[in-house]
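In terms of full-length UniProt numbering, the sequence shown has 138 at position 138, counting the first letter as 1, and numbering is strictly consecutive.
These aren't lab readings, by the way, just hints derived from the structure by calculation.
A hint or two may mislead.
[Said to hold, decoys possible] If you anchor each label on the Cβ, the simulated ranges turn out as follows:
no.: 1; residue 1: D139; residue 2: E119; range: 16 to 24 Å
no.: 2; residue 1: S138; residue 2: H72; range: 24 to 32 Å
no.: 3; residue 1: A75; residue 2: K23; range: 44 to 52 Å
no.: 4; residue 1: D140; residue 2: A75; range: 36 to 44 Å
Heads up, the beta-carbon is just placed ideally off N, CA and C, and yes, glycines get one too.
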Amino acid sequence: MASSSMVKMGSCLKADDVQELVKSKPEAEPERYIRPKQERIGCSALNAPASLQIPVIDMGRIVSGCHSTRQHEMARLSKACQEWGFFQVLNHGIGHWQLLERIKKVVMEFFKLPLEEKEKYAMMSGTIQGYGHGFIFSDDQKLDWCDMMALATMPKSIRKQNLWPDRPLLFRDTLEAYSIE
Numbered sequence: 001m002a003s004s005s006m007v008k009m010g011s012c013l014k015a016d017d018v019q020e021l022v023k024s025k026p027e028a029e030p031e032r033y034i035r036p037k038q039e040r041i042g043c044s045a046l047n048a049p050a051s052l053q054i055p056v057i058d059m060g061r062i063v064s065g066c067h068s069t070r071q072h073e074m075a076r077l078s079k080a081c082q083e084w085g086f087f088q089v090l091n092h093g094i095g096h097w098q099l100l101e102r103i104k105k106v107v108m109e110f111f112k113l114p115l116e117e118k119e120k121y122a123m124m125s126g127t128i129q130g131y132g133h134g135f136i137f138s139d140d141q142k143l144d145w146c147d148m149m150a151l152a153t154m155p156k157s158i159r160k161q162n163l164w165p166d167r168p169l170l171f172r173d174t175l176e177a178y179s180i181e
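Let's have the full structure, built from the sequences with the hints guiding it.
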């Protein structure tokens, strides 16, 4: 059984909304968000060697490259997933910049909504979809200085439609169009 200060994977504890913290105490630096010096990224990280730079995957090589090019890029993708857990994607096929601008706009509008409205879509225990903070497993865990909205889009079977906001007005339609693209 999980203690009050630690919960099992797949669950997460609640944390204060960062935007509200800034509104109520703009000068405050809550201890929970200050990482120890050894965990902080310094300026030297900006000039990191290639082995420490975020992997870049060219989807064009995977989708339409010759067999050897495709295999090479797939190996790079596999390595990025195993060693980094994330990567930057080039030539992803989302060529409609207007759609990218629309998704950016509705997401920014969502984060400008009052807290009460955003909390209608709050993450619930046992899921990482919704509004709030994800991956909080302990009361003394250091947190990232952000609020987030995480929504699964594909496959449709894993979507939690009740967490797709009604406001701003075009949020759902824009996210659906973005997901299909």
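Satisfaction of the hinted span 24 to 32 Å by the C-beta atoms belonging to S138 and H72
violated (41 Å)
Indicate whether the distance between the beta carbons of D140 and A75 respects the range 36 to 44 Å.
Once the Cβ atoms are compared, 40 Å apart, the range 36 to 44 Å for A75 and D140 holds.
Starting from the range 16 to 24 Å, see whether the pair D139 and E119 falls in it by beta-carbon distance.
holds (20 Å)
I want to verify a distance hint. Is the separation of the beta carbons of A75 and K23 within 44 to 52 Å?
holds (48 Å)
Violation of the numbered hints given earlier is confined to hint 2; every other hint is satisfied by the structure.
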